[in-house]
Amino acid sequence: MNLEEIHKLLRKIDYRLIKLLDERMELLLKLTRLQQENQAASDVNGFQDAEKYSQGLIRPEFYRRLYREILTESKKLLDRDFKLIAFQGEHGAYSEVAARVWDESLIPIPCTEFTEIFEEVEAGVFDYGIVPVENNTGGQVNQVNQLVLGTSLHVIGAVELHIHHCLLAPKGTDYRELHSVYSHTQALEQCRQFLARNKLQPVPYYDTAGAARMIAENTPPSAAAIASKLAAELYNLEIIKENIEDFPHNITRFLIFARQPRNEPGEKCSIVFSTEHKAGTLFRVLEVFARRGINLTRIESMPNLRGSFAFFLDFEGDQNDRPVKEALQEVQKLTTDFRMLGCYNEKRGQ
Amino acid sequence: MEQLKLAARNARKKTIVPVKQVRIGEGFVVIAGPCSVESEEQMLITARMVKEAGADMLRGGAFKPRTSPYAFQGLGLEGLKILEKAGRETGLPVVTEVVDPRDVTWVCEFADVLQIGTRNMQNFALLKEVGKANKPVLLKRGMYSSLKEWLYSIEYILNAGNPHVILCERGIRTFETYTRNTLDISAVPAMKELTHLPIIVDPSHATGRVSMIESMSLAAVSAGADGLLVEVHFKPEIALSDKDQQLNPRQFKQMMWKLRKLVQFHQQLAKQKSPRGET
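Same order as they appear, the protein sequences are chains A and B.
Sequential numbering of the first sequence, starting at 1313, is according to our numbering.
Sequential numbering of the second sequence, starting at 6, is according to our numbering.
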């Protein structure tokens, strides 16, 4: 092993130490929410065990000191009233980018599955959850819309995120040596022409940010990832090329859910309903909005569990505006399973 | 030169090379910028200044084919990123040199025109590679090359499938040592007779002397060139390469004013009838 290789490994270890401490802190935050009280101190035992399997050069006294430091810092952080927002994917996912656009003061916490987000916001582990509902090139996110049908949560905000894909590789990589590119299939698809032009082999991976993380941690030879600029920062990767998407207009819309509805005035509303299986029922609903000049921004149908169809409808306006109020009263009479998902503001970001 | 199936003028219409909003071969196009991309600050400031002075496109080198391996070799990928940013900010299309066939597709991702430098005019592997690219090629004349050799290099690019070639006369080596090279201004009308492609002049490398750039640029207009490739640096005295031949923004602005006047004069001249008995 030469000097350079040793330096490289040392940097890798430092990177892992920091990422692990971050992860530890996130778990503690979750733990305290589940226990409903601050019992973070109880995980001290784990540290004491660590002394048993520590070996070699470092004295146990050092571990104790280090752990005390970590615990003190953890307690300090736990005392602050953080608001947590759950997103699906690894850190650096586009959902996290959207969460930061929505409110930078929230702490984004990664979840593996969409269901986890809804369940844990409902259970009070997280204050908010952010999920993608539609993309202008990829269409609806069906799995999320199914979950929205079944949830008791309320929509309290939305973000329209302009998706810009970046080609990322570990720092110091020679771009001419790149051969394979890891990312989520949708991202690979959206950069298909770019990859073909540069003779790069697409390799499907479960997540964009997960691919970035894997590239950073495992450094497979001649490999790059497609992910967000945020992922480049978080995993210390070099951005070989920004904006590699084939079509410049690539927008994903996210909804933010919470247990309580928002009470302030909003600029947009989302509702969901079903109609009887008869000719013209949906038309009569749409007519209610048309007559009052209310602009619809989204209409989507989705099979529900009872074998009929649910319709998602978004429109412009505040729920307390008189025309909106009247329209909603009228629509409730024309539909079944009507539910107001929320009245909220929408933000735009890159 | 009957083997020049694609480069020869013959009965072909004059080729116009579109580069974003610019059409090379129509009017007089000025491409300006530093010899090398040295830093984001240097490139962005220079880019804004040349745009303000009326340049149509930006130049800047990220890969520098230097005589000495110890001289500044360019910023590489970092330089390409800076160039792209300068182009985006000013709205000017970007020209940059490519020296390695493996870089061609990558340079296409960042720049609008690929430049083949004088030392690579007969690098046939590189010519074939840029011939496959989806961006126009600016082909400089080799410093020891005859017009015939230049024509065959053009043929390589056209034959590989890229119809958009811009020629650039940049001076040739002669026994004269006062100037860096000798500007062969007669190459402009000669290549116009021989090919259908637009040709521009690089007065910076041709002379290597700031004091001579303006007069050679004006000569290029009068010789019928389609444009200029000229080196401008926001502070030439601190430039990492070619510091003796880069104009400062004030000199460039002054030159642009005269160029514009001369271009207008020639346009008016073209509309007027010559006196009877003379052509």
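Just so you know, not all the hints are guaranteed correct.
Unchecked claim - Once the Cα atoms are required to be at most 16 Å apart in a straight line, the calculated EDC-like pairs of lysine to aspartate or glutamate come out as: (1) B:K86 with A:D1393; (2) B:K90 with B:D105; (3) A:K1511 with A:E1489; (4) B:K90 with A:D1393; (5) B:K153 with B:E114; (6) A:K1659 with A:E1550; (7) B:K86 with A:D1486; (8) A:K1483 with B:E83; (9) A:K1511 with B:E114; (10) B:K258 with B:E57; (11) A:K1342 with A:E1373; (12) B:K56 with B:E83; (13) A:K1388 with A:E1338; (14) B:K86 with A:E1338.
Unchecked claim - Just some of the chain A residues that point at chain B, by a computed CB distance under 8 Å: (15) Y1379; (16) V1453; (17) K1553.
For the record, the hints were derived by calculation from the structure and aren't laboratory data.
Note that beta-carbon positions come from the ideal geometry of N, C-alpha and C, so glycine has one too.
Do the hints match the structure? See the list:
1. B:K86 with A:D1393: violated, 41 Å
2. B:K90 with B:D105: Cα-Cα ~22 Å, so violated.
3. A:K1511 with A:E1489: With a Cα-Cα distance of about 11 Å, the restraint between A:K1511 and A:E1489 holds, given a limit of 16 Å.
4. B:K90 with A:D1393: This hinted pair is violated, its Cα atoms lying about 41 Å apart.
5. B:K153 with B:E114: Given that 16 Å is the threshold and the Cα spacing comes to 32 Å, the pair is violated.
6. A:K1659 with A:E1550: violated, 29 Å
7. B:K86 with A:D1486: Roughly 15 Å separates the two Cα atoms, so the pair holds.
8. A:K1483 with B:E83: holds, 12 Å
9. A:K1511 with B:E114: OK: A:K1511 and B:E114 at ~13 Å, within 16 Å.
10. B:K258 with B:E57: With a Cα-Cα distance of about 8 Å, the restraint between B:K258 and B:E57 holds, given a limit of 16 Å.
11. A:K1342 with A:E1373: violated, 29 Å
12. B:K56 with B:E83: violated, 22 Å
13. A:K1388 with A:E1338: holds, 14 Å
14. B:K86 with A:E1338: Cα-Cα ~36 Å, so violated.
15. Y1379: violated, 42 Å
16. V1453: Cβ of A:V1453 sits 30 Å from chain B, so the hint is violated.
17. K1553: holds, 6 Å
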